[in-house]
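Fit chain B to the given chain A structure using the hints.
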Amino acid sequence: MIARQSVWSNDDVAKLAKEFIPCADEVWRLQNSDDADCVHFRKWCDEGGTLNGDGPQTTRQGTFCCTPSGIFLGSLNHRQPARVAQMLRDALKKYNEIKKEDRLLKEDPAKTWETINRAEKQYPTDGLVLRVNSRDMPREGLRQDDWRTHAWNFEYVWFRKPELEGLVPNSFDKNTKWDIPDTVVRRIARYALIDNVRGQTPSWSNEQVKEDEIECSVSNIKRGTVYFDMTGKFLMEAEGRKIELTLVGKGEYNTRKQKLEKFELVLAGERTGRTQYNAREDDTATAPIAYVLHIAPDHPTEKIAPAEFWSYGWR
Amino acid sequence: MTTRLMIALLLLLPLSVSFDAQSRSRKSADKNAEKEAEKEPLVTAKNYDTVREHVLPSDEEEKWRKMEWRTTFWQGVMDAQKADKPVLLFAMNGHPFGCT
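So the protein lines, in turn, are chains A and B.
For the first sequence, our numbering assigns the number 1 to the initial residue and increments by one for each residue that follows.
For the second sequence, our numbering assigns the number 1 to the initial residue and increments by one for each residue that follows.
These aren't lab readings, by the way, just hints derived from the structure by calculation.
Since the structure is predicted, the reported quantities are computational estimates derived from the model, not experimental observations.
Keep in mind that the hints are not guaranteed to be accurate.
[To be verified] Straight-line distance between alpha carbons at most 25 angstroms, and here's what the computed SDA-like set of lysine to any residue pairs gives: (1) A:LYS43 <-> A:LYS106; (2) A:LYS303 <-> B:GLU53; (3) B:LYS46 <-> A:TYR227; (4) A:LYS15 <-> B:GLU60; (5) A:LYS111 <-> B:LYS85; (6) A:LYS233 <-> B:LYS46; (7) B:LYS85 <-> A:TRP152; (8) B:LYS82 <-> A:ASP54; (9) A:LYS303 <-> A:LYS210; (10) B:LYS66 <-> A:ALA305; (11) A:LYS262 <-> B:ASP79; (12) A:LYS15 <-> A:LYS106; (13) A:LYS100 <-> B:ASP79; (14) B:LYS66 <-> A:ALA85; (15) A:LYS233 <-> B:LYS66; (16) A:LYS210 <-> B:ASP79; (17) B:LYS66 <-> A:LEU76; (18) A:LYS303 <-> A:LEU260; (19) B:LYS46 <-> A:TRP152; (20) A:LYS121 <-> A:ALA36; (21) B:LYS82 <-> A:GLU120; (22) A:LYS106 <-> B:ASP79; (23) B:LYS46 <-> A:ALA305.
[What the hints assert, rightly or not] Here are a few chain A residues that sit away from chain B, every Cβ distance over 10 angstroms (derived from the structure): (24) ASP34; (25) LEU88; (26) SER205; (27) VAL209; (28) ARG274.
All C-beta atoms in this analysis are idealised placements derived from N, C-alpha and C, irrespective of residue type, glycine included.
Just chain A, with the same shape it has in the complex (with noise of 0.2 angstroms):
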């Protein structure tokens, strides 16, 4: 996440990245599946040598550049600007050595994208993709030289348009009160309230969820629009870890376009303990942690399909 930040804000390298087309991708996949893109990533990908140390399961996670028919032209794993950049110069000089009819495939990789089985195909168009922003609370005693100081992440979280039955109620009036359906509010806990602050970590299983609701009441509706309030509560835990926050929340629904215009949760509490990758080995004492979920913005760089996506169960 930090080489997201480093590496892209990064001038230099972003008016070099208009030379090419730049994209992004998970690794593991790439790696181990069979589909097409995966297996023409295969080809290539180590000729630069193996970026993260020997061994096929090593992770070849970085930054590579190859021409369209997989012609390596480059690759390093590095978070300094200025070395990224020079590999990119070093790619582009090599491209432009190569006969157009090598450095394109034969025919058109589009046919392939039909083959290819992707979580992103199933992004609930109609539904509702929640963006879940993570950060640690202000606390005493951290150093401002290191990184996890300043660390935050990001997650989604996908309802299919049939989950969100009984979200908003059919009618309203200035004292509707109602609960957001066990559905939606589990699949927050699970999934959006884990600690990821530092790095990726498993979500809760359904027993580590012991308690998790959140209320809502209409606050004004004006216009066509409801405005609501939200409130709730959650904890998980499990052996190792735990979560515990409270939740004020804020709704707006279009009742004209039947549309949920604003969705916002704001959650804080504690957190205690540690997972394998979320890089808090060093900081397992319970310590204040804090989250914001909203809708996500239709940007190609918002559809990536949540990190367990395959646990959802979607067909």
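Coordinates of chain B only, in the frame set by chain A:
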């Protein structure tokens, strides 16, 4: 960063004031009142905007989104084929634009 530091100070201030107040009140309050004070939620309707601003990423933290990213490798290959350009792939454990 300055804005974020100011938000952090604003968030720490009530905690510190609350701690002082709790210390003073402990002399006279009973144990139940003490427990209630300790359990005061970190987010309320009053500090909603402050907590929200603290958590949400700044424009600088989101600057990387301004590049014309494709979010799968094969979308990159398809567009590179059309444009006759090289593919630049950023690959991570966990999608780089999701939770990683």
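So, going through the hints one by one against the coordinates:
1. Taken as a hint, the A:LYS43 and A:LYS106 pair is honoured in the structure, with Cα atoms around 16 angstroms apart against an allowance of 25 angstroms.
2. Restraint check for A:LYS303 and B:GLU53: satisfied, since their Cα atoms lie roughly 23 angstroms apart, inside the 25 angstroms limit.
3. Of the supplied pair hints, the one linking B:LYS46 and A:TYR227 holds, its CA atoms being roughly 18 angstroms apart against a limit of 25 angstroms.
4. For a cut-off of 25 angstroms, the pair hint linking A:LYS15 to B:GLU60 stands: about 17 angstroms separates their Cα positions.
5. Taken as a hint, the A:LYS111 and B:LYS85 pair is honoured in the structure, with Cα atoms around 19 angstroms apart against an allowance of 25 angstroms.
6. Simply put, A:LYS233 and B:LYS46 have alpha-carbon atoms about 17 angstroms apart, close enough for the 25 angstroms limit, and the pair holds.
7. For a cut-off of 25 angstroms, the pair hint linking B:LYS85 to A:TRP152 is broken: about 33 angstroms separates their Cα positions.
8. Restraint check for B:LYS82 and A:ASP54: not satisfied, since their Cα atoms lie roughly 35 angstroms apart, outside the 25 angstroms limit.
9. At roughly 30 angstroms between alpha-carbon atoms, A:LYS303 and A:LYS210 are farther apart than 25 angstroms, so this suggested pair is violated.
10. Under the criterion of a C-alpha separation no larger than 25 angstroms, the hint pairing B:LYS66 with A:ALA305 is consistent with the structure, at around 20 angstroms.
11. Distance check on the hinted pair: A:LYS262 and B:ASP79 sit about 34 angstroms apart at the alpha-carbon level, beyond 25 angstroms; violated.
12. Distance hint between A:LYS15 and A:LYS106 is unfulfilled; the C-alpha atoms sit about 29 angstroms from each other, more than 25 angstroms.
13. Note on A:LYS100 and B:ASP79: the hinted pairing holds, with a Cα-Cα distance of about 15 angstroms set against a maximum of 25 angstroms.
14. At most 25 angstroms may separate the alpha-carbon atoms for a hinted pair to count; B:LYS66 and A:ALA85 meet this at roughly 17 angstroms.
15. Of the pairs offered as hints, the one joining A:LYS233 and B:LYS66 is violated, with about 36 angstroms between alpha carbons and a cut-off of 25 angstroms exceeded.
16. Our distance criterion of 25 angstroms between C-alpha atoms is broken by A:LYS210 and B:ASP79, whose separation comes to about 47 angstroms.
17. Taking the CA atoms of B:LYS66 and A:LEU76, the gap is about 22 angstroms. The hint holds against a cut of 25 angstroms.
18. Between A:LYS303 and A:LEU260 the CA atoms are separated by roughly 18 angstroms; this keeps the pair inside 25 angstroms, and the hint holds.
19. Proposed proximity of B:LYS46 and A:TRP152 is supported: the alpha carbons are some 24 angstroms apart, at most 25 angstroms.
20. For the hint pairing A:LYS121 with A:ALA36, the CA-to-CA distance comes to about 16 angstroms; that is within 25 angstroms, so the pair holds.
21. At most 25 angstroms may separate the alpha-carbon atoms for a hinted pair to count; B:LYS82 and A:GLU120 meet this at roughly 22 angstroms.
22. A hinted pair counts as satisfied when its Cα atoms are at most 25 angstroms apart, and A:LYS106 with B:ASP79 qualifies at roughly 14 angstroms.
23. For the hint pairing B:LYS46 with A:ALA305, the CA-to-CA distance comes to about 34 angstroms; that exceeds 25 angstroms, so the pair is violated.
24. With a minimum CB-CB distance of about 14 angstroms to chain B, A:ASP34 clears the 10 angstroms threshold, and the non-interface call stands.
25. Non-interface status of A:LEU88 relative to chain B is broken: a Cβ of that chain comes within 10 angstroms, the nearest being about 7 angstroms off.
26. Residue placement check: A:SER205 keeps its beta carbon more than 10 angstroms from all beta carbons of chain B (closest about 18 angstroms).
27. The claim that A:VAL209 is not at the interface with chain B holds, since no C-beta of that chain comes within 10 angstroms of its own (minimum 19 angstroms).
28. Every Cβ of chain B is farther than 10 angstroms from the Cβ of A:ARG274; the closest lies at roughly 16 angstroms, confirming the non-interface assignment.
When the structure is compared with the earlier hints, violations turn up for hints 7, 8, 9, 11, 12, 15, 16, 23 and 25 and for no others.
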